[in-house]
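Student: Each chain is listed here by its residues.
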Amino acid sequence: MSASIVIFYILAAIILGGGILAVTAKKIFRSAIYLLFSLMGIAGLYFYLNYEFIAAVQIVVYIGGIVVLIIFSIFLTHASGKDMEKPKLMSVIVSAVAAVFACAIVISLINNYSFVATTNTAIEPTVKNIGRQMLSTTEHGFILPFEVVSMLLLAALIGSIVIALKPKTEA
Amino acid sequence: MFLKEYFGTIYKSIKSLLVGMKVTGYYFTHLDEIKTEEYPDNRATLKMFDRFRGEVVMPHDDNNEHRCTGCQACEIACPNGTIKIITKQEILEDGKKKKRIDAFVYHLDLCTMCNLCVVACPSDAIVMAQNFEHSVYDKKQLKKILNQPDSKLMQGVE
Amino acid sequence: MRGLIEDDYVTDEGEFVINIGPQHPSTHGVLHLKVWLDGETVKKVQPHLGFIHRSIEKMSESLSYRNFIFATSRMDYLAAHINNEACALTVEKGLQLEVPDRAKYIRTILAELTRLQSHLLWWGCTGLDLGAVTPFFYAFREREYIMEIMEETCGARLTQNFMVPGGVMYDIHPNFQKRTKEVLIQIKSKFQEYDNIMTGNVIFENRTKGVGFLSKEDAISYGVTGPTARASGVSCDIRKLIPYSAYDQVQFDEILGTGGDCYARYMIRMHEMKQSVSIIEQLIDNIPEGEFQAKTKNVIKLPKGEFYQRVETPRGELGVFIVSDGAASPYRIKYRSPGFSNLSALPLMAKGGKIGDLVAIMSTIDLVIPDIDR
Amino acid sequence: MKILLTYSFSSLATYIHNLLAELITNSLLLQVTEMVILGVSLIAFLVVLCFFLGYMERKVAAFMEIRLGPNRVGPKGSMQIVADTLKLLLKEGLTPDSADKFLFNLAPVIMVIGSMMVIAPIAFAKDFQLYDINIGVLYVSAVSSLGVIGILMAGWSSNNKYSLLGAMRSGAQIVSYELSVGLSLISIVVLSGSLSLGDIVRSQENGWWIIKGHIPVIISFVIFIIASTAEINRAPFDMAEAEQELTGGFHTEYAGMKFAMFLLSEYINLFVVSAVAATLFLGGWMPFHIGGLDGFNHIMDFIPSSVWFFSKTFLIIFIIMQFRWTFPRLRVDQLLTLEWKYLLPISMVNVILVTVMAIMGWHF
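Sequence lines, in order, name chains A, B, C and D.
Using the numbering used here, read the first sequence as starting at 135 and increasing by one per residue.
Using the numbering used here, read the second sequence as starting at 716 and increasing by one per residue.
Using the numbering used here, read the third sequence as starting at 91 and increasing by one per residue.
Using the numbering used here, read the fourth sequence as starting at 1414 and increasing by one per residue.
Bear in mind the hints are in silico, worked out from the structure with no lab data behind them.
Built from N, CA and C at the ideal position, the CB exists for glycine as well.
Each hint can be trusted.
In silico contact screen, one side only, chain B against chain C (beta carbon under 7 Å); selected entries:
#1 S731
#2 V734
#3 G735
#4 R768
#5 C829
Listed next, the in silico DSS-like pairs over lysine-lysine satisfying Cα-Cα at most 25 Å (straight line):
#6 K299/C with K134/C
#7 K1574/D with K444/C
#8 K280/C with K727/B
#9 K762/B with K271/C
In isolation and in its complexed conformation, chain A is listed as follows (with noise of 0.2 Å):
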């Protein structure tokens, strides 16, 4: 077994492992934190598959920036400290219904996919490339999910701000 393997499943445990914790925790601030380490665990994979820009936008944005944006709400609902309500038995239900329906979407998808080596060489997951393919209009590249991506973001701008914003007291 060589180093990059073991690496692979140090890795595949942080992440699963902060996943299962992140659903089963108990206080609300804690689920956060193995959230935290689950996306960490997905940099540390993007890194090692050199994919390094991806691994980087991937700490600022989810790390430095969701993961942070999510404490603040925490901190801000006053119940951080708090053990969790138990969910309603037709929510477990509902949501295990979706994640077994999920998994096996991810299974059949895995095992229809005849996994073929391709014989265009590979573009150099460099800055520019990204970058270049991320504004390109041609037919391969991703303006328009890019700017889709970027409305969604501000629409869920303009959502954080309308929910924040203080209800006003009542007379």
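Dock chains B, C and D against chain A, hints included.
Tutor: Relative to the frame of chain A, chains B, C and D by itself:
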């Protein structure tokens, strides 16, 4: 003008910060301005002022004689009950009985160095010493007897 | 009382109660402030006192008129000399004793030196409270010179107890005048440096300007005195209004501010230091010859009656109220300490500010906790 | 395993590698051994560095405050910090009863790991770089944002109101100041055309960016220093700690070893920030070169590159220390005003200026 005010603020702020840094920078580069006294090392040269009130002492002369008549004026003057004078009756050569001090007990741990006992003393028997290193390991050591053993009252002091 | 305390812990949704003190770096002693917060914003402050109460007033009732003075050194330990002076003046008032001019001059000079060192320490501590550590050491350098003068003449650095009813305990030390003049030159040369490192600093200005506003009306109704009140425009300098000791012999200005905020209070004290320097300069060369102490009886007994004397300490007006029944020790003593009244205005000033503002306000009203609790 | 093999140590590293390769034939074992050696030597270096920085901070503070500073333990007090560290290590590591023990103990570790990770892409000398990642600048700004998680964790898990307030403050502070730091980094990236710290150093062969880049780069240098001082929570921006307001902020409840780890991470952060500033703006290990003057440049090359790097870094460390010992602390809202009203707009405009400058080739 908004922009003028904006940049004016920035200019003034940076200037004031640099002026402040100049002060600290000056002292950083002028180490002769350092005022620290290295206390236990300079013991030999460290001289306290004459009037500095360190502790109450009772001076004795070469013949082991002090000036305290045991009048207890200091004991009354002390606001904290620091001083306790224990007297005894002593028979002089001419057969007269006289009040003499047996022990001049001074509780340094109670003393606030207010100097009132020294002012109150009619015969200048006690003075303030300049010693300030009073730390001891046992509080009992702070209870002092100021008159030396077998000391006598100085002739002519009544 | 019990009900009141229980009510304190009832909080609204979203309120956050923190206890600042009794052990806290910026309360300058054992003051306990209970602070209701909304995020960082202070909604309400409630000072809790009494952690260092030593019942100096009650203690003084069993001491003779000569002795009770020493206890006041422990009240406002940064202005021990002025506290002592207040007591001595009250006793002299009761005895209708005329104090020799020389004693008056010495008292005034020492009082102004005390004010200078107290303000210097306050200046350093204000820097410390706002997060700048270095000014503290610069202030202490100059303060050290003044302490040496005190030590040489009075025999002690902080709790001088140099005052006796009728004058001062000893004559001044032969070096006193020379040394004082040297120190004044030294201090005057450093005022510019103080301005450079603190007063003009943009962060300091932002931290203090418009923070902790106290209106003139509030200052009067809360009984605030001293530089804190003068910053709000209340003329309350006892040295000017009811001159005692040698203050009628000197020219000086009562500094009045208008801002009522922390910056105004800061500037008042900075200017007061310059005024103190000028007062000492006017007096130091003109100390009249003569006795330094009026003759008093061995046991001082005040006539039956009530006597009140006010003096201006660095923090404000200190009043000493003595009720005498004709015995050798006072029947009742009451000190009207400046810190207590000044602190009472803190909840008003701190409301609506941030925690950082609370610290700035506390340091600019110059709290000395033993003075508040006595 | 490209990650660990891209570090380009000079002959020493090659020598060690060859030596180990002879001794250990198993490739897995070899890699693990190399990793361990690398990690241990890095940690040892950082600890020694922190000792030095601690000593330097005390002396700088003392001299600015007309004091002597530590002068009892060791020659000129140089062993004082070692003694203090030993004391902290021997002290009982208290954990409050009502704290969330797992997170409470994890937080200092996260802080130290976060700050140690940033060291990786920094070039200490010519051909002496742990990991010349091709996105070095992005990596630095990404990983340095891990510190805020540690602070938030420490503040929350202490179950102390002061700690929580400190954590909230530092969260708001670090998240907003990251923008200015990023933008000022971008101005150098625009000029040098690379995200790799190695390339950025090499791009300054004919002059450092702070000289080549005229006023816009000086502005971004100043903004970088201010904003990164805020990002590493040092006075005058030590809102999270704010001794006079929050007694100790997020680390109020920490003692002993765990507290020492916070100190360690603070000093590593200080070093990293200064090293990044030195690399980007002052040429890193690159000697002082003036384009065209070959004779002069040649003389400058005689000074070893590591001396250049460390003298520049320590110059910036000194400036940041002087900030701390000169200025009062800002208030929490003024801190955000400074960022959103002054630093951010200025650095945005500045990036545009730099971009124009880079496109038009107005720099040297």
